[in-house]
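Just so you know, the sequences run in chain order L and X. Straight run, no breaks: the first sequence in this note's numbering ends on number 345. Straight run, no breaks: the second sequence in this note's numbering ends on number 470.
Bear in mind the hints are in silico, worked out from the structure with no lab data behind them. Heads up, a few of these hints could be off.
What the hints assert, rightly or not - Under the rule of at most 30 Å between Cα atoms (straight-line distance), these lysine-lysine pairs were calculated in the DSS-like manner: (1) X/341 / L/155; (2) L/309 / X/103; (3) L/309 / L/11; (4) L/259 / L/309; (5) X/341 / X/103; (6) L/11 / L/259.
Since we're looking at a predicted model, the values are computed, not measured.
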Amino acid sequence: MTTVQDIPEIKLLEYRMTLGMTTMEGRGFYYPMDVGIADDGRMYVSNRSLENVTRGVRVTMCDIDSEYYGTFAAYGQSPGQFVWPSACTLDSRGRVYVSDEATHRVSVFDREGTLLSTWGEHGAGEGQLDTPSGLAFDAADNLYVADTYNHRVQKFTADGRFLMAFGRQGSGAGEFNLPWGLTVGADGCVYVADWGNDRIQKFTADGAHIASYGSSGRGDGEFRRPSGVAVDANGYIYVADWGNERVQVLDAAGGFVQKLRGEATLSAWAANFLSVNVEEGEARSRANLEPEIDYFVDDPHEESSHIEKYFWSPVSVKLDRDGNLYVTESNRHRIQVYQPARAYA
Amino acid sequence: MANRDVELIGHLMRRAGFGATREQLGAYVAQGYEATVESLLDQTAEQRMGDDLIRRFHPELSGMMGTLGSGENWLYRMATTTTPLREKVALFWHGIFATGYPKVIHGKALSDQVRMFRHKGMASFRDLLVELSQDPAMIIWLDNQDNHKDAVNENFGRELLELFSMGVGNYTEQDVQECARAFTGWTLGNREYMELRSMRDSDWPYGRIAWHFEFQEDDHDFGEKEFLGQRGPFNGDDIVDIICQQEATARFISRHMYSFFVADEPPVPEWPYTEPQDPAAIDLLVQAYFDSGYDITAMLRALFNSDFFKDEAVWYRKVKSPVELVAGVLRLTGEFDRPRKEILDRYQQSIFMGQFLNNPPSVEGWHQGTDWIDTGSLVERINFASQQLGDATKPGVGAMVERIAHTPSVSPEMLVDACLDQVGAIQVSEDTRRELVDFASVVGSPDDAGHGRIAEVLQMVASTHEFQRA
Chain L
1 MTTVQDIPEI
11 KLLEYRMTLG
21 MTTMEGRGFY
31 YPMDVGIADD
41 GRMYVSNRSL
51 ENVTRGVRVT
61 MCDIDSEYYG
71 TFAAYGQSPG
81 QFVWPSACTL
91 DSRGRVYVSD
101 EATHRVSVFD
111 REGTLLSTWG
121 EHGAGEGQLD
131 TPSGLAFDAA
141 DNLYVADTYN
151 HRVQKFTADG
161 RFLMAFGRQG
171 SGAGEFNLPW
181 GLTVGADGCV
191 YVADWGNDRI
201 QKFTADGAHI
211 ASYGSSGRGD
221 GEFRRPSGVA
231 VDANGYIYVA
241 DWGNERVQVL
251 DAAGGFVQKL
261 RGEATLSAWA
271 ANFLSVNVEE
281 GEARSRANLE
291 PEIDYFVDDP
301 HEESSHIEKY
311 FWSPVSVKLD
321 RDGNLYVTES
331 NRHRIQVYQP
341 ARAYA
Chain X
1 MANRDVELIG
11 HLMRRAGFGA
21 TREQLGAYVA
31 QGYEATVESL
41 LDQTAEQRMG
51 DDLIRRFHPE
61 LSGMMGTLGS
71 GENWLYRMAT
81 TTTPLREKVA
91 LFWHGIFATG
101 YPKVIHGKAL
111 SDQVRMFRHK
121 GMASFRDLLV
131 ELSQDPAMII
141 WLDNQDNHKD
151 AVNENFGREL
161 LELFSMGVGN
171 YTEQDVQECA
181 RAFTGWTLGN
191 REYMELRSMR
201 DSDWPYGRIA
211 WHFEFQEDDH
221 DFGEKEFLGQ
231 RGPFNGDDIV
241 DIICQQEATA
251 RFISRHMYSF
261 FVADEPPVPE
271 WPYTEPQDPA
281 AIDLLVQAYF
291 DSGYDITAML
301 RALFNSDFFK
311 DEAVWYRKVK
321 SPVELVAGVL
331 RLTGEFDRPR
341 KEILDRYQQS
351 IFMGQFLNNP
361 PSVEGWHQGT
371 DWIDTGSLVE
381 RINFASQQLG
391 DATKPGVGAM
401 VERIAHTPSV
411 SPEMLVDACL
421 DQVGAIQVSE
431 DTRRELVDFA
441 SVVGSPDDAG
451 HGRIAEVLQM
461 VASTHEFQRA
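Let's have the full structure, built from the sequences with the hints guiding it.
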């Protein structure tokens, strides 16, 4: 008899490296929520920070070589400022879009972080937003927004003019429960992390439901509160299986392919910190960072809090042009990068 | 005016929980007092705002690095749970086994300790003490990581006897030393690295790593020990077994329970010299402790069903702690129907009033009773409760206002009674009622049942002596 646990795993991705480190300001991340990746590889990381550490709210600019290009934006209610920054994405012209779940707005910046515009109005009406989270552009530079507490997806022009909406609260096909991350595939289809329903849903560009993938659970192909989704040119679907503290890869038909638990190593910035703080570096080198523990509760969240290399709150998955997958972990303040496995590259 | 059945269950819910809405009280009255006690003791059917939802919108309440997150997270639970007694009991143990951030410097370790209280706090006292002895935050708080086979540190052993189980006067200095020996090698995993990071308040490079207990066999003193008249090669578990057998332990825990749930006792240091105010009540709880094999739920059942608990003489005798006041108000306002950034402000209000969860003033926890009240904290308490209950845009307040508006409150007296009833069937003194009626008479004519007027009376009710008490 075949069960979901018996599905043979294909190693489509392999671990490459870790980026980032926790810092309340400047070079580093602080409760990062997402990363937008420009065509030239520059990364824009939206940092949520602690509720009472307002200086941690910012967008950090860096790249896969750990070059640091500075930060922009700050905590606040004024245009271009954030309270609960969430998703980050770029349009075809390299402009950076960041959603804010507290002010119900989307802010637009140029490549260097200069504010271009802020739009969005709180409400449940057409074009209004209640807790906007996931953002994704289609090939025509139309922006899909996960309108979380309205349990729908809305589509806007790049300057914020309403085009259409689909979905409503529920668990049926095409319905949502607090949708979060979303993406647009090469074929123009929209994939949504239907967070509260533990599934990924696929739609046409016009919002017609095509398919649903996954169900609640911890087995292969099952999800617990998925938060992000990415799709590559071959149709493989990458899911931030946030509540299970892992990433899963599905094939274009939704079949299970691979699961990742996290393999973080020291980033360039982390290695730099430990080389300067010698006493901490030496104590760390003597510690067993993968101890055997009799856990108080059987929960991946608990396990991830103890084993540092594992994903802890893998909130977002993003692909770059080369097929590298960037997994942003809000609780570990870093990004683990996976690359196409040599056999599949 | 609410009848006595409603008022009695209102008293139960203020003590065993954080108060209840009038609708909830009605449902409890319908099922009866003893059945309500049983439903409070039943931990199996909990509903509350889920961790997933909290963590989604407050990543810091998932990672727990800071000083405030563990308290905010706890407040969410207190404000939304259907099993408030579990949180109240966790608060009870937190006050006794008081552990604080300034020395631990690890929010998740403190939050994990509270989680342990939540899971173990209503079961066997023996199991609770064993868990406590293995709790990483407690190990750091009382230096048991420095308690070695060849260099004993007595701190945890002493407090286990003095503050956590028996109280002074019931053991000798030799018992303290033997107790400490039994807990040698009970330490923190990766002690050196974790302790160093804690001392440096280091989040680097990737945030805090959760702590875990480790028994280091080669650092444990397996030798013979003599403890409270018994002899053997005792380990920490054996010591806890012996502690739990003691009458002094039963009396100590019973007195704490009486003081927290029934009526304030003097501070613990005075206990050796001051008899309990109700010795018969303590005897009843001691009996429940031994009859049940140290079961906390059995003790609570005996307490809540006792005549001394139901006695009107103890109603409103206790001053709500700041956290109890804040949680109770939030349950009435229904503000947190979803995660909101305002949780930080609401939690900080309890700090301004004098109670910073996971940051008690000392190993003795917080002094209860009128120690909560001084000129500054009283203003904070009244301002907070009045402001929240006067805001009819909050769903719970709006619902109360609507219900009051639809009752025939044609006189200021009837309006006041309706408001007192809505906030949890509060019973007030004649003086308080007269003040409220005078206020209701001033803010509007008797036939003017406008919503604003009702909200103003609710605000005034929130400032009363009785609302500020439990």
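So, going through the hints one by one against the coordinates:
With a CA separation close to 27 Å, the supplied pair residue 341 of chain X and residue 155 of chain L stays within the 30 Å bound. Using a Cα cut-off of 30 Å, the hinted pair residue 309 of chain L and residue 103 of chain X holds, with the two alpha carbons roughly 27 Å apart. Of the pairs offered as hints, the one joining residue 309 of chain L and residue 11 of chain L holds, with about 19 Å between alpha carbons and a cut-off of 30 Å not exceeded. Among the hinted pairs, residue 259 of chain L with residue 309 of chain L is consistent with the structure: their alpha-carbon atoms are about 15 Å apart, no more than 30 Å.
For the proposed pair residue 341 of chain X and residue 103 of chain X, the alpha carbon gap of about 28 Å is at most 30 Å, so the pair holds. At most 30 Å may separate the alpha-carbon atoms for a hinted pair to count; residue 11 of chain L and residue 259 of chain L meet this at roughly 9 Å.
In terms of the numbered hints stated before, the structure departs from none.
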